[in-house]
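Number of protein chains: 2
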Amino acid sequence: MTLLQQKKYEPLTESSAIALAVRLRIFPTTSVLTCKEIGDGNLNLVFRVIDNQTSKSIIIKQALPYAKVVGESWPLTLKRATIEAEALKFFKTLAPDYVPTVFYSDQEFAITVMEDLSHLTIARTGLIQGQRYPLLAEHLGEYLANTLFYTSDFGLDQQKKKELVAKFINPELCKITEDLVFTDPFFNSPTNEFETELENDVKGLWSDQQLRLQTALLKKSFLTEAEVLLHGDLHTGSVFASETETKVIDPEFAYFGPAGFDLGQVIANLLFQAIAFEEKRDIILNDIETFWRVFVEHFSTLWNTQNVEPYSITEGYLSIIIDKYLKDAIGFAGCELIRRTIGLAHVADLDGIEDLNNRIHAKRSALKIGRHFILSRNDYKSITDLLRNLEF
Amino acid sequence: MTLLQQKKYEPLTESSAIALAVRLRIFPTTSVLTCKEIGDGNLNLVFRVIDNQTSKSIIIKQALPYAKVVGESWPLTLKRATIEAEALKFFKTLAPDYVPTVFYSDQEFAITVMEDLSHLTIARTGLIQGQRYPLLAEHLGEYLANTLFYTSDFGLDQQKKKELVAKFINPELCKITEDLVFTDPFFNSPTNEFETELENDVKGLWSDQQLRLQTALLKKSFLTEAEVLLHGDLHTGSVFASETETKVIDPEFAYFGPAGFDLGQVIANLLFQAIAFEEKRDIILNDIETFWRVFVEHFSTLWNTQNVEPYSITEGYLSIIIDKYLKDAIGFAGCELIRRTIGLAHVADLDGIEDLNNRIHAKRSALKIGRHFILSRNDYKSITDLLRNLEF
Numbered sequence: 001m002t003l004l005q006q007k008k009y010e011p012l013t014e015s016s017a018i019a020l021a022v023r024l025r026i027f028p029t030t031s032v033l034t035c036k037e038i039g040d041g042n043l044n045l046v047f048r049v050i051d052n053q054t055s056k057s058i059i060i061k062q063a064l065p066y067a068k069v070v071g072e073s074w075p076l077t078l079k080r081a082t083i084e085a086e087a088l089k090f091f092k093t094l095a096p097d098y099v100p101t102v103f104y105s106d107q108e109f110a111i112t113v114m115e116d117l118s119h120l121t122i123a124r125t126g127l128i129q130g131q132r133y134p135l136l137a138e139h140l141g142e143y144l145a146n147t148l149f150y151t152s153d154f155g156l157d158q159q160k161k162k163e164l165v166a167k168f169i170n171p172e173l174c175k176i177t178e179d180l181v182f183t184d185p186f187f188n189s190p191t192n193e194f195e196t197e198l199e200n201d202v203k204g205l206w207s208d209q210q211l212r213l214q215t216a217l218l219k220k221s222f223l224t225e226a227e228v229l230l231h232g233d234l235h236t237g238s239v240f241a242s243e244t245e246t247k248v249i250d251p252e253f254a255y256f257g258p259a260g261f262d263l264g265q266v267i268a269n270l271l272f273q274a275i276a277f278e279e280k281r282d283i284i285l286n287d288i289e290t291f292w293r294v295f296v297e298h299f300s301t302l303w304n305t306q307n308v309e310p311y312s313i314t315e316g317y318l319s320i321i322i323d324k325y326l327k328d329a330i331g332f333a334g335c336e337l338i339r340r341t342i343g344l345a346h347v348a349d350l351d352g353i354e355d356l357n358n359r360i361h362a363k364r365s366a367l368k369i370g371r372h373f374i375l376s377r378n379d380y381k382s383i384t385d386l387l388r389n390l391e392f
Numbered sequence: 001m002t003l004l005q006q007k008k009y010e011p012l013t014e015s016s017a018i019a020l021a022v023r024l025r026i027f028p029t030t031s032v033l034t035c036k037e038i039g040d041g042n043l044n045l046v047f048r049v050i051d052n053q054t055s056k057s058i059i060i061k062q063a064l065p066y067a068k069v070v071g072e073s074w075p076l077t078l079k080r081a082t083i084e085a086e087a088l089k090f091f092k093t094l095a096p097d098y099v100p101t102v103f104y105s106d107q108e109f110a111i112t113v114m115e116d117l118s119h120l121t122i123a124r125t126g127l128i129q130g131q132r133y134p135l136l137a138e139h140l141g142e143y144l145a146n147t148l149f150y151t152s153d154f155g156l157d158q159q160k161k162k163e164l165v166a167k168f169i170n171p172e173l174c175k176i177t178e179d180l181v182f183t184d185p186f187f188n189s190p191t192n193e194f195e196t197e198l199e200n201d202v203k204g205l206w207s208d209q210q211l212r213l214q215t216a217l218l219k220k221s222f223l224t225e226a227e228v229l230l231h232g233d234l235h236t237g238s239v240f241a242s243e244t245e246t247k248v249i250d251p252e253f254a255y256f257g258p259a260g261f262d263l264g265q266v267i268a269n270l271l272f273q274a275i276a277f278e279e280k281r282d283i284i285l286n287d288i289e290t291f292w293r294v295f296v297e298h299f300s301t302l303w304n305t306q307n308v309e310p311y312s313i314t315e316g317y318l319s320i321i322i323d324k325y326l327k328d329a330i331g332f333a334g335c336e337l338i339r340r341t342i343g344l345a346h347v348a349d350l351d352g353i354e355d356l357n358n359r360i361h362a363k364r365s366a367l368k369i370g371r372h373f374i375l376s377r378n379d380y381k382s383i384t385d386l387l388r389n390l391e392f
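The listed protein sequences derive, respectively, from chains P and Z. So the first sequence is numbered by the UniProt record's numbering: it starts at 1 and just counts up by one. So the second sequence is numbered by the UniProt record's numbering: it starts at 1 and just counts up by one.
Read the hints as simulated data drawn from the structure, not as lab findings. All C-beta atoms, glycine included, are put in the ideal place defined by N, C-alpha and C. Check each hint, because a few of them may be wrong.
No farther apart than 16 Å at their CA atoms in a straight line, the calculated lysine to aspartate or glutamate pairs in the EDC-like style are these [stated by the list, open to error]:
| hint | chain 1 | residue 1 | chain 2 | residue 2 |
| --- | --- | --- | --- | --- |
| 1 | P | K175 | Z | D157 |
| 2 | P | K79 | Z | E163 |
| 3 | P | K7 | P | E108 |
| 4 | Z | K203 | Z | D184 |
| 5 | P | K167 | Z | E163 |
| 6 | P | K89 | P | E115 |
| 7 | P | K247 | P | D97 |
| 8 | Z | K167 | Z | E86 |
| 9 | P | K160 | Z | E172 |
| 10 | Z | K167 | P | E163 |
| 11 | Z | K175 | P | E163 |
| 12 | Z | K175 | P | D157 |
| 13 | Z | K160 | P | E172 |
| 14 | Z | K160 | P | E178 |
| 15 | Z | K8 | Z | E108 |
| 16 | P | K160 | Z | E178 |
| 17 | Z | K79 | P | E163 |
| 18 | P | K79 | P | D106 |
| 19 | P | K175 | Z | E163 |
Per the computed footprint, the stretches of chain Z lying under chain P, defined by three or more beta-carbons under 8 Å from a beta-carbon of chain P, are [unchecked claim]:
| hint | segment |
| --- | --- |
| 20 | 150-159 |
| 21 | 204-217 |
Over the 12 Å line for every Cβ pair with chain P, so calculated as not near, a few chain Z residues [said to hold, decoys possible]:
| hint | residue |
| --- | --- |
| 22 | Y9 |
| 23 | R132 |
| 24 | E243 |
| 25 | E245 |
| 26 | D282 |
| 27 | V294 |
| 28 | L356 |
Start from the sequences and build out the full structure, keeping to the hints where you can.
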C-alpha cells in the first residue's frame, strides 16, 4: 500500500492514522486533524480522526493479529478485516440506510476507513441503560429482508452467488462460532463459564440427549446450508442505534450460511432484554414481533418483485421458505440464549444484573427458554405463537 | 507448461500427444509410441498412447473450449478440466480401488494424463448389451461411502472442508445441472425433447403444482446444501466396469452439494435398466438394494470409527443422517428419471428400445416413477420399502 509509509503489516499509531487520513484526502488539505484510539484493544485498533474546524470525523479500524478473550490471547487471521470491509461494502449496496460507508480498505494492513458513527450508541449498551429505540426492530427487519434476499439464490444471479460463496469462505471465524455457539456450551468444555448456582441446570442441559441431538442438527445446518450471506454475529453489540437511525457494523463473521442464523441472533439478543428487565418485557416482545413482521413483509415483497428463480411463482413456495426461516431462527436463537449464558462470551444484559438471586433467576430463564426453542422449534407456525407461550 | 511446445491453449494432435507422453517420461525412453484419438469430440479430446513393445498405454484427455450438444455448440469453461483432475486425485485418496490414477495434469492446457481403462467397458453400454457386472452395485456403494463420508463435516477437518468448498466452486457446470436436471424438464422449455406420444404425459407433469413445489425444494437443496464433495454426474456412463473392477470417471461436475444427489443418480440410472429390460428387473432391483445396503454399512463404519464431529456419538444422529440421505436420494433419483426421459440429455437404455410402443411404455414408467419419487420421498423409511412398491 503506497498510502502507508511502512512496507508490511504493523499496528497503526495515532500519528500514522492521521498521516493515512491525510493521504486519503478525506479532509480538506487545510484541515487540522486530531486522533484518538477509542477501541477496547481486544481484537482491533479503532482510531477516530477529527477535523478540528468542521468537527467532521472518520473511523480507521485496524485488525490485530490476535484476540484477547478472558485474558488469554490467541492468534486470529487478519483476513477478517478483508471479510469485514468487503461485507460492509456489499451490504451497503443492499441495505444502504443501515450500513456505514466504507471510504477505503487495505487487505495487507487489515485497515478499514469508514464513516464515524459516534453520534449513535451501541444498541446493547443503550438498551441496558434504559434507552428506547422505537425503530430498531423495524430497521433490523428491513436490513435482514434486503441482505438475506439479495444474497440468496432467489435474489442473486446463480454464477455470482457461487463466486461470492468462495470469496466469503471464512474458516477461522466460522470455527469460533461452531465451537462457541454450537458445541462447547453443550459439553463440559473448559471454555464455559457460569455461576456455581447454575451447576445443576447446566448439568441438566449436558445430560439431555434430545437437546444434544437437536443442537447437532442446528450445527449441521450452520456448517452446510449456504442459503445467504450472513452477517454472522448480529447481536445488539453489532448495532449502532439512536431513536431514528440504525447501523449494522462488524460483519467479520460474514459467511454463506442458513438465513435463520442472523434472524435468530436478533431474536435472542432482544430476548435478553425481556429476560433481564421484567418491566419492559411487553415492549421487547412487541419489538420482536415487529422485527419478524417487517422482515416477512419486506422479504415477501422482494420475493414477489425481484425473484430470479423460475420456481418462485410456485404456489406455496414462499410460505415454505418463511416457515423454514422461522423454525431455524427459533433454533438458532435457542443456541444463542444458552451460549451467552454459560459459554465463553456472555452478555452484559444478564451479567450486569447486580442482585445474585435475580441474576441467577434470569439466567435460568435464558437456559430454559433456549432449551425450549431448540427442542420445540418445529412446532411453531408463527412468531406470535412462540412469544405468547414464553415462560420467564 | 514447459512440457508442451506451444505457449498457450490449443488442442493437442496425435503427434503432440505422443510428444507430451515422451516428455513426461511415463514410458521407457526406448519405447515406440503410437497414438489414436478415441473421444467422441463433443466435449473433450481423448488420446490413447500405446507403447508398441509392452502394450502399456495411457490416456491423455484434453477439454475443448466448447460443448456440442444436439448439434449446437456453446462455449464451456476449460476450468472443468482442472476440477476433474483435482477431483480425481482427491477421490483417489479416498476410494483408491474405484478411481483411475492421474499421472499429470495441466490447468492452462486443460490436460489430464491418466490410467488407461480400455480393458473395461462403460457400464451403461455393457448393461444395455446384456453384460452383468456382479460387483458394480457393491463397489459403487463403497465408493460413495468413502467419498461422501470423508468430504463431509463428519470426516473432514472443518478448516480443510471450507478451503475445499472454495476450491471446488463450479458455477458453469452447476448451472448445467440446475437447468437441465432441476428446471427445464419441469417447464415448457426449448431444451426439452420427447416423442409426441408423450405430450399428454409431459403436460400432466408441467401442470402438477405439487410436483413443481417439491422439485423447487430439491433444486434449493442442490443450490444450498454443501454437505459433501459430489461427483456431480454419477450415471452409468461415468463408470467403467468389468466383472471384477469398477472405476468412476469424469467428475468435472464435482461440487459441494447434498450427498443424496450422487446416491440418487446411481439409483435412477440403475432403474433405467429395470424399466427397459423387464427380464432383468429383479436382478437390478436387487442391485439397487445391495448398493444402498453396502453404502449404509460402510458409511456407518466410517461414522463410528473416523468421525471428527463431537456430536457424532449422540444417539440417533447417524440414523437421522442416513434417513435424510435416503429421502434426498429418492427425490434426486426422481428428477434424474424425468430429465433423462424428456429433457435435453437422454439415456440409451430408453432411447435404444426399438419398438415404439415398448419405448413409450418404458418412458411413461420412467416419468410415473420419477414423479412418485419426488412427491413421496419423505414417506419412505427404507430402500426396500421403496423398491417393493414400484409400478413399472
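Confirm or reject the coverage of the segment 204-217 of chain Z by chain P under the rule of 3 or more residues with a beta carbon closer than 8 Å to the chain's beta carbons. holds (count 6)
Taking C-beta pairs only, is Z:V294 more than 12 Å away from all of chain P? holds (24 Å)
Against chain P, does Z:E243 keep a CB gap of more than 12 Å to every residue? Holds, because the least Cβ-Cβ distance between Z:E243 and chain P comes to about 38 Å, which exceeds 12 Å.
Take a quick look at Z:Y9 and tell me if its Cβ sits farther than 12 Å from every Cβ on chain P, holds or violated. holds (22 Å)
Reported absence of Z:E245 from the contact zone with chain P (all CB gaps over 12 Å): holds (33 Å)
Any Cβ of chain P at or closer than 12 Å to Z:R132, or is the non-interface label fine? holds (38 Å)
Sort out whether Z:E163 lies within 16 Å of P:K175, counting only the CA atoms. Holds: P:K175 and Z:E163 sit about 13 Å apart, inside 16 Å.
Hinted pair P:K89 and P:E115, Cα distance within 16 Å: Answer holds: P:K89 to P:E115 is near 12 Å, not above 16 Å.
Under the criterion that the straight-line Cα-Cα distance not exceed 16 Å, is the pair P:K175, Z:D157 satisfied? holds (11 Å)
For the pair supplied as a hint, Z:K203 and Z:D184, is the alpha-carbon distance within the 16 Å limit? With Cα atoms ~13 Å apart, Z:K203 and Z:D184 stay inside 16 Å; holds.
16 Å limit on alpha-carbon distance, applied to hinted pair Z:K167 and Z:E86: With Cα atoms ~9 Å apart, Z:K167 and Z:E86 stay inside 16 Å; holds.
Can the restraint linking Z:K79 and P:E163 be considered satisfied, given a maximum Cα separation of 16 Å? holds (14 Å)
Comparing the model with each numbered hint stated earlier shows that all of them hold.
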